[in-house]
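A.B. asks: Residue numbers (our numbering), protein chains in the order written: chain G, 1250 to 1410; chain Y, 472 to 875; chain H, 16 to 405.
Each hint should be verified, as a subset may be incorrect.
Said to hold, decoys possible - With a straight-line Cα cutoff of 20 Å, these simulated PhoX-like cross-link-like pairs (lysine-lysine) come out:
1. Y/K701 <-> Y/K514
2. H/K166 <-> H/K314
3. H/K166 <-> Y/K514
4. Y/K840 <-> Y/K710
5. H/K316 <-> H/K274
6. Y/K703 <-> Y/K514
7. Y/K673 <-> G/K1348
8. H/K314 <-> H/K287
9. G/K1410 <-> G/K1383
10. Y/K706 <-> G/K1383
11. Y/K484 <-> G/K1252
12. Y/K705 <-> Y/K751
13. H/K33 <-> G/K1272
14. Y/K746 <-> Y/K484
15. Y/K514 <-> Y/K706
16. G/K1383 <-> G/K1287
17. H/K32 <-> G/K1272
18. H/K316 <-> G/K1270
19. H/K242 <-> H/K373
20. Y/K673 <-> G/K1352
21. H/K287 <-> H/K166
22. G/K1351 <-> Y/K673
23. H/K373 <-> H/K287
24. Y/K751 <-> H/K57
25. Y/K644 <-> Y/K484
26. Y/K488 <-> G/K1252
27. H/K362 <-> H/K51
28. Y/K789 <-> Y/K746
29. H/K374 <-> H/K362
30. H/K274 <-> G/K1270
Simulated from the structure, these hints should not be mistaken for lab results.
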Amino acid sequence: MMKQEGEYSSVSGEWPLSAYKWKTERFFDKYVEGLKRKQITGIRCTGCGSIFVPPTVICCRCLTRLRLENDDDWIRISERGTVLSYTISYMEILPGGLKERKKEDRIIYALVQLDGTDTHMLVELRNLFEEDVKVGMRICAVWVDEPKGALSDISHFIPVK
Amino acid sequence: MRNVAIVGVGMTKHVSKRRDVNIPEMVYEAVEAVFQETGLAPKDIDAFVTGNMPAFEGINTPELWGGGYWGAYRKPVIRITTGGSTGASVAQGAIYAVASGVYDTVLTLAFEKQSDGDTSVGLNSTSLADFANLNSYGATAVTTQLSSAIGLFVYQATSYMHKSGLTIDQIDKAAAMLRRNAAKNPYAHLKQPNITAEDIAKTPMISYPLRFGHTCPASDGAVAMIFTTKEKAKKITRKPAWVKGLAACSEDGTVLGQFGGGSINIDPAEQRSCKFAAQKAYKMAGITNPEKEIQVAEPYIPFGHQLFIYFERLFLCKEGDAPKLFDQGVMDLNGAIPICPSGGVMSNNAIGAAAMVRIAECALQIMQKAGEHQVTQDVHTAVAHGLGGSANLNVVTVLGDSPN
Amino acid sequence: MARKVAIVACSQLIYEKKRNSSREMMVYEVINELLKNAGISKADIDSFISAQNDYLEGRTISNMRTVGPSGAYLKDESKVEMDGAFAALYAYLRILSGTHDVVAVYGESMASCYPPYLPMTWTLDPSFDRQNGFVNEISAAALQACSYMYKYGITEKQLAKVSVKNLENATKNPYALRKINNIDIETVLKSRLLYSPIRALNAYPLTDGACAILMASEDKAMEMTDKPVWIEGVGTCHDSYYMENRILADCDCLQLAAKSAYKMAGIKDPLKEIDVIELHENFSHEELIFYESLGLCSKGKGGEFIDTGATLINGILPVNPSGGALSANPVCATGLIRIAEVVMQIKHEAGEHQITNKKEVNIGLAHGQNGICAQQNIVFILKGARKCEM
Chain G
1250 MMKQEGEYSS VSGEWPLSAY KWKTERFFDK YVEGLKRKQI TGIRCTGCGS IFVPPTVICC
1310 RCLTRLRLEN DDDWIRISER GTVLSYTISY MEILPGGLKE RKKEDRIIYA LVQLDGTDTH
1370 MLVELRNLFE EDVKVGMRIC AVWVDEPKGA LSDISHFIPV K
Chain Y
472 MRNVAIVGVG MTKHVSKRRD VNIPEMVYEA VEAVFQETGL APKDIDAFVT GNMPAFEGIN
532 TPELWGGGYW GAYRKPVIRI TTGGSTGASV AQGAIYAVAS GVYDTVLTLA FEKQSDGDTS
592 VGLNSTSLAD FANLNSYGAT AVTTQLSSAI GLFVYQATSY MHKSGLTIDQ IDKAAAMLRR
652 NAAKNPYAHL KQPNITAEDI AKTPMISYPL RFGHTCPASD GAVAMIFTTK EKAKKITRKP
712 AWVKGLAACS EDGTVLGQFG GGSINIDPAE QRSCKFAAQK AYKMAGITNP EKEIQVAEPY
772 IPFGHQLFIY FERLFLCKEG DAPKLFDQGV MDLNGAIPIC PSGGVMSNNA IGAAAMVRIA
832 ECALQIMQKA GEHQVTQDVH TAVAHGLGGS ANLNVVTVLG DSPN
Chain H
16 MARKVAIVAC SQLIYEKKRN SSREMMVYEV INELLKNAGI SKADIDSFIS AQNDYLEGRT
76 ISNMRTVGPS GAYLKDESKV EMDGAFAALY AYLRILSGTH DVVAVYGESM ASCYPPYLPM
136 TWTLDPSFDR QNGFVNEISA AALQACSYMY KYGITEKQLA KVSVKNLENA TKNPYALRKI
196 NNIDIETVLK SRLLYSPIRA LNAYPLTDGA CAILMASEDK AMEMTDKPVW IEGVGTCHDS
256 YYMENRILAD CDCLQLAAKS AYKMAGIKDP LKEIDVIELH ENFSHEELIF YESLGLCSKG
316 KGGEFIDTGA TLINGILPVN PSGGALSANP VCATGLIRIA EVVMQIKHEA GEHQITNKKE
376 VNIGLAHGQN GICAQQNIVF ILKGARKCEM
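Chain G with its partners taken away, still in its complex shape (with noise of 0.2 Å):
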């Protein structure tokens, strides 16, 4: 039988997630040198072959410690590739909840696989409008003006012949 209101408290806590220091190895950095460049490229396994973009530290198939700090492991890799999935985000998700976007803000974001390699990466598509956007159609990086070598030097993608 349910307790009524008055017959039960509550008191508060929480888990602080900022008292936790998360560690990883700098394997983006020879990534990012290149987005400096406006080049992306990939990082091959010397295990079974298979190319990461962004590229990661262990090949999960073949159990192979990628080679990040071997120049001749890390291949150029082409700014084409293909829409595997997509979602138009309606909705901002915020601390307090969900919040619904105008309609000039909703964000396309895309799984694209690059030309070339065995792995998918999230981006953001543009120049485009909501209807046409189709899994399978061929999309092509774009970078930002002045690249710093950040991650965010490749502003977002948008869609070629």
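Go by the hints and put chains Y and H onto chain G.
C.D. replies: Showing chains Y and H alone in chain G's frame:
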């Protein structure tokens, strides 16, 4: 594998907020229910296997606090947690415990008290850690979009819609069907007996193609099950459910790879790990033609489109056929393979418990104890599925109505 | 038991105060080492069980991202959110069920990533204990130590002897984190007081580390190694959360767990029949209490027992020849390390900290614990094959 029987199921009624009980008290309700159902008591239990998703209540390993309330005093206790698939992983832990011969009767518990904490903060704890690397390199705004579950599963939907021709209209119908099923389930959270696809279609779109009406609630609830040996089962219940096959499989994240790098899980709708797990479980169960041999399925469906995806990934039809079969009524409560007669995760989602509720519901169907939402045909074999992580942890369990 | 299960290989990484790598790379390295030691590839493994704790990791679903680095890609994997020895129990159950033949178990944690000692306070009852703020890992241990010392007349010197023994043993263990050469009782008694009577050297060090073991069914074990170490018995027990309900000066829960394990393994006189013991002792007084709970001496005689020197590395029953948790405690891995160390002793592969004064080390006991003041305990009895049996 030694025969493992399910002799009882106990559940609390899932609601959005149980502010009148704390965790041990809430879980006790499920424990009390299963003890009453089976006539067993703590002295009859040889081990406890328990789990929940730790992030939501702010309590580390709650069974340390709650174990005594549940009859686990001075007993073996194992805790298993694997995110969304926790409930299924916990149940499988209990199945292995009995199958091993070390423990004869095992009580398994899964629960979640989402109202104790902020669900989005809890889920955020995965993404903060995941994005730590991306953020240190000036991550673009895309990562903020991923800090909610819907931000993750939505890509599965679009990819699948492209390959199979599924329409948003059909997702609306699927969501309505699940909510109507839940209306017959006394334990479900969201019951909407008269809801229609049009009602769902009126709800706002959150992120194409998923509407608010396609998403699962956040519930407080607990489920308990008792697994035991063939010999002991005979003394407890006339018609137990039997474990015929079980398997789990994990793969790379479906949207971001390790540390935000590229994921080799190219198509988030492919769910190869689900197919592998299903193949193994079916093989163990001796099932060669799931389309004909399964009478009920309870896949883990927090979002409407997944009804179609997992129907196919559990090999209940050929790839691409699910939308067509849905329209033909195959998945209805009185169809050839009813999907989630309980209403599924879409209607009832205490995250830690949800995957075990799927197994419990399949057991109830086999034991003919599902009451109003009992499917019309005889259930000889049922399949339950749990999904967790970045849609990369899949757990499949096959139950039957007779031992090996 | 119809099926027999053996541990065929194990691996450890050097324990550090602040490891310079992500936890994923740490998992990758310890698994790689395991595969190398076992002479197999990940294709030969049927399933993976990990021991990780979300509140220590600072992230939920902590096994979501260790799938890749551990080799569990497209494999059956699960996670036990307790001390690694419990993950070993789960792996054992999986193999006994007949559905898995080869299971890899790994445990890891990085103390340098989480706020020290706080994660344990999050196991406390939120409505009362957490509001009071009196109980944390160390204050609870101090209450237990005080209760134990008062009830049985145990002295601080006897507590210090545990630290001296273990930290001295650790100097010969290449993996250990805290090693103090020529350590003596005075050094321990002069170390910083945390909560009386617990001093810094009576408490475990915050550690980054990982450990992995490989278990296999009898047939596979015989193929993979000529020195399989068999699991003869296991017992586990869960005590009351409320310290008021427990007699802190004893550890009945461990006594029950050990009783279960001894029965399964057919051990009647542990002091005579067991050759080595590895305990998960977070604090020195725990080790003395555990001597009594394991039946090595009678209740209250833990202090006298350590005075006899019986548990020194060249004593009649060495306890923690590796240095125990006092020398390195990567929380979720510690129980697995105890198992790994016993395995190494039985296989005669413990290097410089190998027990040498016995004819052979054949039967070992490995212990793991969880919760405040060892609320949950697990005991494994492991056995090698005598030379004449092979």
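A.B. asks: All hints, please: hold or fail.
C.D. replies: Going through the hints against the structure:
1. Y/K701 <-> Y/K514: Holds, at roughly 19 Å.
2. H/K166 <-> H/K314: Since the Cα atoms of H/K166 and H/K314 sit roughly 10 Å apart, the hinted pair holds (cutoff 20 Å).
3. H/K166 <-> Y/K514: violated (32 Å)
4. Y/K840 <-> Y/K710: Within the cut-off at roughly 10 Å; holds.
5. H/K316 <-> H/K274: holds (19 Å)
6. Y/K703 <-> Y/K514: holds (14 Å)
7. Y/K673 <-> G/K1348: Answer holds: Y/K673 to G/K1348 is near 17 Å, not above 20 Å.
8. H/K314 <-> H/K287: Since the Cα atoms of H/K314 and H/K287 sit roughly 18 Å apart, the hinted pair holds (cutoff 20 Å).
9. G/K1410 <-> G/K1383: holds (13 Å)
10. Y/K706 <-> G/K1383: Since the Cα atoms of Y/K706 and G/K1383 sit roughly 59 Å apart, the hinted pair is violated (cutoff 20 Å).
11. Y/K484 <-> G/K1252: Given that 20 Å is the threshold and the Cα spacing comes to 15 Å, the pair holds.
12. Y/K705 <-> Y/K751: violated (28 Å)
13. H/K33 <-> G/K1272: Judged against 20 Å, a Cα distance of about 11 Å means the pair holds.
14. Y/K746 <-> Y/K484: violated (32 Å)
15. Y/K514 <-> Y/K706: The hint holds at about 16 Å.
16. G/K1383 <-> G/K1287: It is violated: about 27 Å lies between the C-alpha atoms, which goes past 20 Å.
17. H/K32 <-> G/K1272: Holds, because 14 Å separates the two Cα atoms, which is no more than 20 Å.
18. H/K316 <-> G/K1270: Violated, because 44 Å separates the two Cα atoms, which is more than 20 Å.
19. H/K242 <-> H/K373: Answer holds: H/K242 to H/K373 is near 18 Å, not above 20 Å.
20. Y/K673 <-> G/K1352: holds (17 Å)
21. H/K287 <-> H/K166: The given pair, whose Cα atoms are some 27 Å apart, is violated under the 20 Å limit.
22. G/K1351 <-> Y/K673: Holds. G/K1351 to Y/K673 sits at ~18 Å (cutoff 20 Å).
23. H/K373 <-> H/K287: Within the cut-off at roughly 12 Å; holds.
24. Y/K751 <-> H/K57: Holds, because 18 Å separates the two Cα atoms, which is no more than 20 Å.
25. Y/K644 <-> Y/K484: violated (25 Å)
26. Y/K488 <-> G/K1252: The hint holds at about 13 Å.
27. H/K362 <-> H/K51: holds (17 Å)
28. Y/K789 <-> Y/K746: holds (12 Å)
29. H/K374 <-> H/K362: holds (13 Å)
30. H/K274 <-> G/K1270: violated (42 Å)
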